[in-house]
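Protein chains in written order, with the numbering used here: chain W, 28 to 160; chain U, 28 to 160.
No wet-lab data here; the hints were simulated from the structure. Just to be clear, a hint being listed does not mean it is correct.
Pairs involving identical chains hold if they fit within one copy or between any two copies, as the list cannot separate such chains.
[Stated by the list, open to error] In the DSBU-like style, the derived pairs of lysine-lysine whose C-alpha atoms are separated by at most 35 Å in a straight line are:
#1 K94 x K82
#2 K153 x K76
#3 K153 x K118
Every value quoted in this text rests on a predicted model; they were computed, and no experiment measured them.
2 protein chains.
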Amino acid sequence: MHSINIQPQEVFQALADPTRIRIARLLAHTGEEACLCELVDSLMEPQYKLSRHLKILRQAGLLSAVKDGRWVYHRLVQGVPHLDRLYDMLKTLPDSDNLFANDLVNFRNRMCLREGGRCRVGIQTKILAVEGE
Amino acid sequence: MHSINIQPQEVFQALADPTRIRIARLLAHTGEEACLCELVDSLMEPQYKLSRHLKILRQAGLLSAVKDGRWVYHRLVQGVPHLDRLYDMLKTLPDSDNLFANDLVNFRNRMCLREGGRCRVGIQTKILAVEGE
DNA sequence: CGCATAGTTGCATTATAATGCAACTATGCA
DNA sequence: TGCATAGTTGCATTATAATGCAACTATGCG
């Protein structure tokens with residue numbers, strides 16, 4: 028994931044999807060790192076779907092991933108000038124239908140389940156794991 | 028072109044193309060407005076191609092267009108908070124291969140052909156008009 | 001060891017997007 | 001009035017991308 032090799036259009040392409048914007052907005056707004064199951068419970072989207080979107084964000088140099096046991100924590104890559112400005116832009120986006128506000132509430136509630144700053148409970152919305160009903 | 032109806036992913040999608048990034052970077056960096064033939068001579072891309080890319084940028088709320096005789100002048104829409112931050116990001120993008128620097132030189136040279144602040148000469152690179160050879 | 005579960009990925013399907021060609025409209029000028 | 005030219009767009013082709021399903025790997029815990 029060397030940002031030096033990533034073309035600008037790849038960065039914009041990575042954010043040219045509503046689900047990936049939801050992920051990036053959550054992380055930009057909270058400054059948090061999150062594992063896949065926390066994002067599944069926050070965005071209410073299938074695990075496999077978010078896993079693939081996270082991969083795209085990683086390949087675009089926007090996210091870094093750190094594995095910790097069964098969990099993989101994702102966070103926005105900091106310190107790259109144009110990316111830091113991109114995060115500023117994400118934080119300034121309008122939220123006319125309060126959809127992001129809803130994601131944010133879910134995310135904060137989900138983060139309350141952490142123990143010692145780590146996710147320990149797994150996917151709470153069981154229907155979103157493995158198969159969607 | 029009411030930016031209120033435009034979703035964030037449409038903005039990023041509009042910039043998820045190298046040619047459209049070249050256009051947006053030129054306008055963000057120079058703060059200028061430009062007509063199609065000036066962009067054709069600066070980017071050295073076919074007229075019909077740039078015309079379509081300009082339309083996509085307009086539909087995403089990034090560009091406004093003003094017609095003046097045969098010429099249509101395009102400029103970045105100003106005063107929208109998240110768009111202004113996007114332009115900041117564009118101005119911060121790296122240019123490792125100096126491709127943007129080259130576009131900028133061509134653009135500035137082309138702007139020297141203006142008379143009274145208006146484009147009056149038409150497409151200089153004739154091969155890029157109507158048909159590409 | 002063996003199960004539960006966090007996370008990943010191949011495949012098929014469907015939708016979207018970029019491009020070149022060529023025909024089109026619109027406008028100024030001789 | 002007719003031509004040159006700035007700019008737009010329909011069409012066909014090709015490439016790329018999003019999704020659901022299902023099978024897969026990896027790791028902790030009893």
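Can you give the numbers of the hints that this structure goes against, from lowest to highest?
none
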